[in-house]
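This is what each chain is made of:
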Amino acid sequence: MNDKADLLTRLINPKEFQEPLDVSGYESSFLYETLYLMTQIRLAEEKLASEREFGTIGGPVHLSVGQEAMAVGISKNLNKKDRVFGAHRSHSHILSMNPDFHKLFAEVLGKETGFSRGMGGSMHLTDKKNGFYGSVPIVSGTVPLAVGAAFDARRSGTNNIGLAFIGDGAIEEGVVQESLNLAKILPSPTVFVVENNLFASHMNISLRQPMRSTCRFAEANKVENLLVDGNNVLEVYEKSKVLINNSRNDGTPCFIEGVTFRHYGHVDWRKDVDVGVDRSQEDIEEWMKRDPIQRLSIGMFEAAIISKQDYQNINDEISQDIISSWEKAIKDPYPTEDKLLTRVYCNED
Amino acid sequence: MKTKENYGSAILSAFEYLLDNYPEVFVIGQGLWSPWYVGNTMKDLDSKFGKDRIIDTPVSESAVTGLGVGASLCGSKPIVVHPRIDFMLYAIDSIVNQAAKWSHMTGAQSHPGITIRGIINRGGEQGAQHSQSLHSWFAHIPGLRVLMPYSVADARDMLIAAALSKDPVMYIDDRWLYDTKDELDPISEKSISEFKPKIIKYGEDLTIIGSSFSTKLALGASLELEKERISVEVIDIRTLNPFDSKLLIESVKKTKRFAVIDGGWKNSGFSAEVTSSIVESMEPNQLLSKPLRITLANSPAPTSKPLEDIYFPNISSVIRDIKANFFL
Ligand SMILES: Cc1ncc(C[n+]2csc(CCOP(=O)(O)OP(=O)(O)O)c2C)c(N)n1
Ligand SMILES: [Mg+2]
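Residue numbers (the numbering used here), protein chains in the order written: chain P, 17 to 365; chain G, 352 to 679.
Wrong hints could be hidden among the right ones.
If you want the footprint, here are the derived chain P segments under chain G, 3+ residues with CB under 8 Å [unchecked claim]: (1) 105-119; (2) 128-136; (3) 171-178; (4) 219-225; (5) 319-329.
By construction, these hints were calculated from the structure, which means they are not laboratory data. For every residue, glycine included, the Cβ atom is placed at its ideal position computed from N, Cα and C.
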């Protein structure tokens, strides 16, 4: 327990853990793919930030820039039959299961060709055939759904899991305690993933909770849990692998909390130093030095797995994809007016 | 001496008045330490009145609302703020099972004088879970007073009356009204039962009934119709529960035509309550035309801009629907 407390103290101090990742012992292809996926998510969201600022995007976008290691480190342990749920800040989650820029952009623009056929926008995403069941902006709304999806996986004799990506704010909803207890007692192989970015909209966690780690809620329900450096994709991957595999094999829940930080403010492209309570420009700058992509890429440069030029080429290639996907999405059609009423029910009969 | 206010600043004035004059008032909810969700309506209250009376909270709507109910049973006058009605659904038990029933269940010996402020915040491609106006649900519940101010004066005075009422009150304000301007008289406290439906424009040919933002649509449409010599009476409902339809019936007996505009769904919505309460008080031959309800389509709010544009009624869609229904 003391180890955890020490770790937490270091994790919430952005001056710690800024060093590049030690990549020794990993396959180059694994590292390359991991870096590639994180960079895809980063650049896609940077695109969304600038288009939102420019006004092309009409609705709110909650960006996870800075938090990509959680989505990517976790998703590397998932398969397309798993049942993943997200929340308002879930571009990274859906892309980590299927990095389809065009579908994401089209959805954010409200186009028929988007992940949710233009009916959900940034905050309601779905891609069921790739394991991403749905994300919604009611905080914690999908947590019990993940427990249910996991319960179904178990009942139908599969070893798939249900997974809920939530934040440190979401933990404060009573339904999360009920879900932890229920998942434990049934049991149901639910993976609770907390991206603890130390904020719920404007409020620092220290103003909302007596502790800055949320693992105690898992502890109280005897759910196996782990606190990790959420900006170290290799650590997230390794440590969650053990827990997720246990859940698969035993049908029991687990809980993984990663401490991380979002570079942007709560919503859209601003930094929110003005409206955030206890959020300063200095903190943001310190946290930028713990950037999960930078730590991995520099680690890979140092180990001579890729060169800076290689990485530049990756960035260029992804940027090209982003530009062409965006242009396509912009030209795509909106849902027709009849869809307002024809999609309320299943209308199978 | 009149003061210039807008709907948002009028709410702020009400909070200031209550906090200045009633030490038992405290305010609790998300966003109160930052102008994050609540616009100018809570500006600087925390620095003026202290963070122990203006309390920002964890993301725990259920417990925060229950806390308000409990504190109100012991003499506090809590105002619980939910920056969106959609978020408040986690708090339904405290509102519907506890607060609304408490007086009756306890033989009227104890009354939870809590105010629950639910903000309607919709549009902007936010979609299904960030758009709802569930006043019809709440108006269905005996024991729960439901107020929806349209005018700037009501925004201020109803909040004060709600906070001072011994009953649980749902006070619902709409962000689309925050910029509405008016000049207000100094505050004088009114009893909550004074906020009955009110004629805000007299007319002869047609009565249009609304509440909150729908009243604004009714008034806007009536001014346009006036240019075509159609004389419209506009009634603002103000209090949805307990609902008093007397004035509406009198008006429709005069105009013999009526339309209801409601910001909720048509299906089992408040517009049905208004319509039936009028129709059941009329003789079959007293109406010159079938009544009209203008509401949301029976679908969740879409995010896609072209769908959103047809989803929410606006002044021109209201005029179009009225002309079509009444052959005007
Ligand atoms: C039930 C509910 N309450 C409040 C909100 C407003 N809200 C949206 S996101 C958010 C903060 C959530 O914080 P966290 O879970 O830590 O996620 P993060 O934004 O940090 O990713 C809040 C309070 C909401 N959407 N739903
Ligand atoms: Mg957070």
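Against the structure, the hints come out as follows:
no. : hint    : in the structure
1   : 105-119 : violated (count 0)
2   : 128-136 : holds (count 3)
3   : 171-178 : violated (count 0)
4   : 219-225 : holds (count 4)
5   : 319-329 : violated (count 0)
Hint compliance for this structure: hints 1, 3 and 5 are broken, all remaining hints hold.
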